[in-house]
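2 protein chains.
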Amino acid sequence: MSFREYPSKLLENAVNEFATLPGIGRKTAFRLVMNLLRRDAGDVRKFGESIIRLHDEVYYCKICNNISDTEICSICNDMNRDRSVICVVENIQDVMAIENTHQFKGLYHVLGGIISPIDGIGPSDLKIDSLEEKVKSGGVKEIIFALSTTMEGDTTNYYLFKRLNKYTISLTTLARGVAIGDELEYTDEITLGRAINNRNPYQQ
Amino acid sequence: MSFREYPSKLLENAVNEFATLPGIGRKTAFRLVMNLLRRDAGDVRKFGESIIRLHDEVYYCKICNNISDTEICSICNDMNRDRSVICVVENIQDVMAIENTHQFKGLYHVLGGIISPIDGIGPSDLKIDSLEEKVKSGGVKEIIFALSTTMEGDTTNYYLFKRLNKYTISLTTLARGVAIGDELEYTDEITLGRAINNRNPYQQ
Numbered sequence: 001m002s003f004r005e006y007p008s009k010l011l012e013n014a015v016n017e018f019a020t021l022p023g024i025g026r027k028t029a030f031r032l033v034m035n036l037l038r039r040d041a042g043d044v045r046k047f048g049e050s051i052i053r054l055h056d057e058v059y060y061c062k063i064c065n066n067i068s069d070t071e072i073c074s075i076c077n078d079m080n081r082d083r084s085v086i087c088v089v090e091n092i093q094d095v096m097a098i099e100n101t102h103q104f105k106g107l108y109h110v111l112g113g114i115i116s117p118i119d120g121i122g123p124s125d126l127k128i129d130s131l132e133e134k135v136k137s138g139g140v141k142e143i144i145f146a147l148s149t150t151m152e153g154d155t156t157n158y159y160l161f162k163r164l165n166k167y168t169i170s171l172t173t174l175a176r177g178v179a180i181g182d183e184l185e186y187t188d189e190i191t192l193g194r195a196i197n198n199r200n201p202y203q204q
Numbered sequence: 001m002s003f004r005e006y007p008s009k010l011l012e013n014a015v016n017e018f019a020t021l022p023g024i025g026r027k028t029a030f031r032l033v034m035n036l037l038r039r040d041a042g043d044v045r046k047f048g049e050s051i052i053r054l055h056d057e058v059y060y061c062k063i064c065n066n067i068s069d070t071e072i073c074s075i076c077n078d079m080n081r082d083r084s085v086i087c088v089v090e091n092i093q094d095v096m097a098i099e100n101t102h103q104f105k106g107l108y109h110v111l112g113g114i115i116s117p118i119d120g121i122g123p124s125d126l127k128i129d130s131l132e133e134k135v136k137s138g139g140v141k142e143i144i145f146a147l148s149t150t151m152e153g154d155t156t157n158y159y160l161f162k163r164l165n166k167y168t169i170s171l172t173t174l175a176r177g178v179a180i181g182d183e184l185e186y187t188d189e190i191t192l193g194r195a196i197n198n199r200n201p202y203q204q
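Protein sequence lines, in the order shown, are assigned to chains A and B.
1 is the number of the first residue of the first sequence in my numbering; add one for each residue after it.
1 is the number of the first residue of the second sequence in my numbering; add one for each residue after it.
Hints are computed from structural coordinates only; laboratory data are not their basis.
Mixed in with the good hints, there may be bad ones.
Here are the simulated PhoX-like cross-link-like pairs (lysine-lysine), alpha carbons at most 20 Å apart as the crow flies [said to hold, decoys possible]: (1) A:141 / A:162; (2) B:62 / A:136; (3) B:9 / A:62; (4) A:9 / B:9; (5) B:141 / A:46; (6) A:162 / A:105; (7) A:105 / A:134; (8) A:46 / B:46; (9) A:27 / A:62.
Just so it is clear, the structure is predicted and the values come from calculations on it, not from any experiment.
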């Protein structure tokens, strides 16, 4: 059945909002909204507020830009971690993927994206200046480029290398155990764990 | 990748809420939440509020129990519709499915469920008393039972027949063009439209 007319504008609005989510069509959106409508008011309020609160109250760590409930995230706050190694990743999902391998004990730096001219994302849209500041301020021995092995990831690797090559630190990349063309966050834990252990010096 | 640990409790809460929706697993929930997190604050607030507002502000029509933005829904308010024919349906989706056939010009009565002993739903949980009141107060010539052709639907049909048989009105059911065992809301419009036109007297 198609949904040409909704009996309520409020219903239609909620369906439209759900249909903006990736992979959710209008029919699925309608079923999700009907499910919410059948629940208790408190339950639905909790659902709606969890989204609003997440967006309004969450912090992005001042050091690594990872998502956090506090100004400094739990990884940057952990004094047992090796502060001389920084793993550069595209986004929060990638931090979680690498954390789940339990192979990395350094810190992270979340770029918030990768260089992608086609999407209009240039170096100035990413947290690259703050990465360079960390290197300048000393104490960093190694930067690991842990970006997706796509063209955009390679471009970003190259740009970072050009920016950071003048400092006397090692610049490494994940071992190419990660299949070329794969998105980092979908890589299985064993491959990803091995790739971070077998990391290699960055080569142009 | 599995998500054993989330960097933020707020993030985890939002993912947990999305994962309560039917057909949404934890990984999908996480992707939906990350999508929301990347959007503007106003956009996300609109999303969350559309759900809360739907639940808090929507009306259930005082006459037919259909969802509505006003106390009386647009169908019950429409003076061009035949008030002597009432089509009894399980839920709002079924009203929308029949409306989309453009074959029915009477009014609806939404039961809010069907009799299902296995789910603990008995006649008293449904809007059956108010249906009988409508018949008692006169003006109704025909009641159409448009329930799913499942065991629960048949049980409800039988119960309604027993309750309403004493009144001098016709009790009809949808023509059995609807495949036995099918849920009403998934039936295609042509079959459903034909079934409502070829409706038959209710037979025990």
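### Task
Hints the structure violates: just list their numbers, smallest first.
2, 4, 5, 6 and 9
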